[in-house]
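> Spelled out from the first residue to the last, the chains are:
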Amino acid sequence: MAEVLNGAMTAKELETDQEVRWCPGCGDYSILKQVQKVIPELGIKREDIVFISGIGCSSRFPYYMNTYGMHSIHGRAPAVVSGLKSTNPDLSVWMITGDGDALSIGGNHLIHLLRRNFDINVLLFNNQIYGLTKGQYSPTSEEGKHTKSTPMGSLDHPFNPAALCLGADSTFFARSMDRDPVHMRDVLLRASQHKGTSMVEIYQNCNVFNDGAFFGFTDKETKKQQTLFVEHGKPMIFGENNEFGIKLDGFTPVIVNMDSASADDLWIHDEKDRGKANILARFYGNPASEGELPRPFGIFYSEDRACYEDLLVKQVETAKEKFGDGDLNALLRGKNTWTIS
Amino acid sequence: MSATLETTKEITILFAGDSGDGIQLTGTQFTDTNALFGNDLSTFPNFPAEIRAPQGTLAGVSGFQLHFGSIEIFTPGDECDALVVMNVAALKANLKSLKKGGIIIANTDGFDAKNLRLAKVESGVSPLEDGSLSNYKVFPIEVTKLTRECLKDSGLGTKDIDRTKNMFVLGFVLWMFDRNMDHTVDFLKEKFKKKPELVEANTKVLKAGYHYGDTTETATTRFSVDKAEMPKGTYRNMMGNQATALGLIAAARRSGLELFYGSYPITPASDVLHELAKHKNFGVKTFQAEDEIAAVASAIGASFGGALGVTASSGPGIALKGEAIGLALMLELPLVIVNVQRGGPSTGLPTKTEQADLLQAVYGRNGEAPVAVVAAATPADCFNMAFEACRLAVQHMTPVFFLSDGYLANGAEPWKFPTEDELPSFKGNFATPSDLKDGEYLPYERDENLVRKWAIPGTLGLEHRVGGIEKQDGTGNISYDPDNHQHMVNTRAQKVANIAKNVPLQDIELGAKTGKVLVLGWGSTYGAIKAAVKDLTEEGHSVSHAHVRYLFPFPQNFEEVLRSFDTVLIPEMNMGQLRMMIRSEFLIPAVGLNKVKGIPFTKGEIKDKVLELLDQLIK
Ligand code: SF4
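Here the protein sequences line up with chains E and D, keeping their order. Going by my numbering, the first residue of the first sequence is number 3, and it counts up by one from there. Going by my numbering, the first residue of the second sequence is number -11, and it counts up by one from there.
So here's chain E without its partners, still in its complex pose (with noise of 0.2 Å):
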């Protein structure tokens, strides 16, 4: 009892009684114990924290951590905590959803939840696929997918999140991997601390309908040449002996080899750069295709500005301020009245 109530944690007491029903070798494992490792780092108390899902295979996740959560309907987390957060804003919310939660079904709230900068976390588990519906192609999936309903291959141009959400003005936007722990924990962290809406997309191997999806940029043999490691106030260095380099040319990154240039030279990272952020989102090609720029992980964007819930606050002090704390008596009494004796 006084374990339980004593508020501060361990990974190890963040794990429900709940038989964890992912398939096995699921991406999904790998980001849960990342984020039960996370969490007791940031100091916040377990019952202050909040995980709200849509429906998906990575929407199950409330159910496996021993906070408070809600496992809601699908694709309307993104409102479920804004109304949470609008009247706890105290509370630490995290928002686990999939690309098709949030980026089909939930599309709309997603934008709008980036827009309002509610400050929670999204955790967007991308596996390209849709999983729990057992195998039909995602917002996500390349053009031309072959799957249970696109036989003849997907028409559906995929949508890019990152590119997606920094044009909903998203104030935080990162990628991460699920075979990357270490990066994913810094991701987290740095997820958490920020104050607005943390976006972070994370790569998640669906290893039964879509196995590998991003295996060149989580083997060993690929990953070097196929993934830029973004860092604030670093140059933009990738390859198997960081031999290559990005330059900006004019607006257009180009890949240089290190032989014949400086790190001076290159793209020094900048997260507080809006501009270069959303040139970086773009680099959404297939790196393994000659020429193609890398797939960049990290934090791509942040920005500090006003979150919804501060306002609304705020908006509720002026109006105390203004016309005193509300007096029912005088509300229903109205401005004009008569009185029948």
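Rather than coming from a laboratory, the hints here were simulated on the basis of the structure. Small disclaimer: the values here were computed from a predicted structure and weren't measured. There is no bait here: all hints are sound.
Derived BS3-like pairs (lysine-lysine); straight-line CA-CA distance at most 25 Å:
#, chain 1, residue 1, chain 2, residue 2
1, E, Lys337, D, Lys215
2, D, Lys415, D, Lys268
3, E, Lys337, D, Lys177
4, D, Lys220, E, Lys337
5, D, Lys(-3), D, Lys125
6, D, Lys133, D, Lys108
7, D, Lys182, E, Lys322
8, D, Lys268, E, Lys322
9, E, Lys337, D, Lys181
10, E, Lys324, D, Lys177
11, D, Lys179, E, Lys322
12, E, Lys337, D, Lys179
Guided by the hints, dock chain D with the ligand onto chain E, whose structure is given.
Chain D with the ligand alone, transformed into the frame defined by chain E:
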């Protein structure tokens, strides 16, 4: 020669004109003046479907009907005694509702060739001149011309001047019905606080209209309606949507909960949002969501956090909220859903009234998803029933529908408002760490009414997970066990059924407790039914009126009340939705009187149907 003053018990007057003519404002001002004088009254604003339909056309006619009297008033009136029309289209659209011999006050400037053409008067001759109105008392007034004349030295432009012409009409009407201008003068001072020149101009035109009646020999008779005999007390005029907003605020105050209102703009519910947004100093948090689904989902989020979550819409929006309402039911959290009904299906008739969403409220979700439903009978009753919806939602930890409709929303009546202390108080049953059993918290542990406790994030030790998937009773853990699902479906049904124990018994509104015909109403048919039944009982017929406000579950004595009559007649502005519920629940062969025209019942329609039934019973 001054006009003679004739005293009458009641007057029904209809103001009609272009939506840009200030008809609603004129009607409201005249209403408030009569209310402050002490008349009983009922109003019915009738908006055109388009915001600004082409001027002068039939589609653009906006109306405001007021029925006021020294006797008890139940409806905005079946037929009008007086018609105030700003143009020929307004006359054409409304003449059929004027009594023979009734008064027509017409702005002749709205009867010129152009207006005749716009209103599609084929003869091209003004009805004011072709003798077709010889059965009425017509007062043609050159309102536009007289207004311009009155303000010619004001320095205002013609456009601004023409905007004041409704004040001329109002002045004339105040004179004709023996009311003073004080309230309107005060109103103008307040409205144009920052533009003294407009206060002056409007007041001048108002007075000109009043004195025009006095000094010209336009009318030889004026009408006076004495104060009504109403129960002692202090009154104000109240509109339905405003009453709904106040009911929600009062419920939040009396329960100590924060009010969160998630809503998306929709006719005719938006005014509730507008009203609530004005009262943030009560701690009210309004959230204009990106869509109807987000509106309800945000309210659920707020409820999860311990606030009083409310969402509102009209039929099409409610359809979109269905899945989330089911979620609230599964989560067993309080949620109030306001439906200001309008004509359906689909977009239907957005500005017109209907009661066709009852079955949607009671049954319109996937799965076995019982949701409690209450409905208001009159504009001011919206206050009581919105309050009740909140009370039931919180006390039973469940979603509750509150049904209003377009007619109640925009209609007004005198309201003997309560004081804070007169309102019941109620509390959320919050879980505390003392609810832990061996260090474990069971979120779905229930009390004798099957109600679970409200465990708020931020409370130490009560961390728990809820969701829309079927869960094990007690623990709330996901469960696909067949017997558990049956148990949970039964439990949720019984939990909602238990609400019947917590609502007042059904009473008889008017008439004997047993008899031949019971006219059973719900929602805004109240006034028309009551007026009809009053007449019929006075004529000696065995007829009573019951009005049900708790529609799901019904009050405990409901069947007994229905069975005390030979026949139950249910007038509804739908094709028989309550009738279907009554028939299926009690096997009582209730008879319907159904109308879906976007307009309320008249007293006469209900009387005729009752007489027909009585006739059949004799045979
Ligand atoms: S279907 Fe794919 S995403 Fe879902 S649990 Fe299995 S592996 Fe994970």
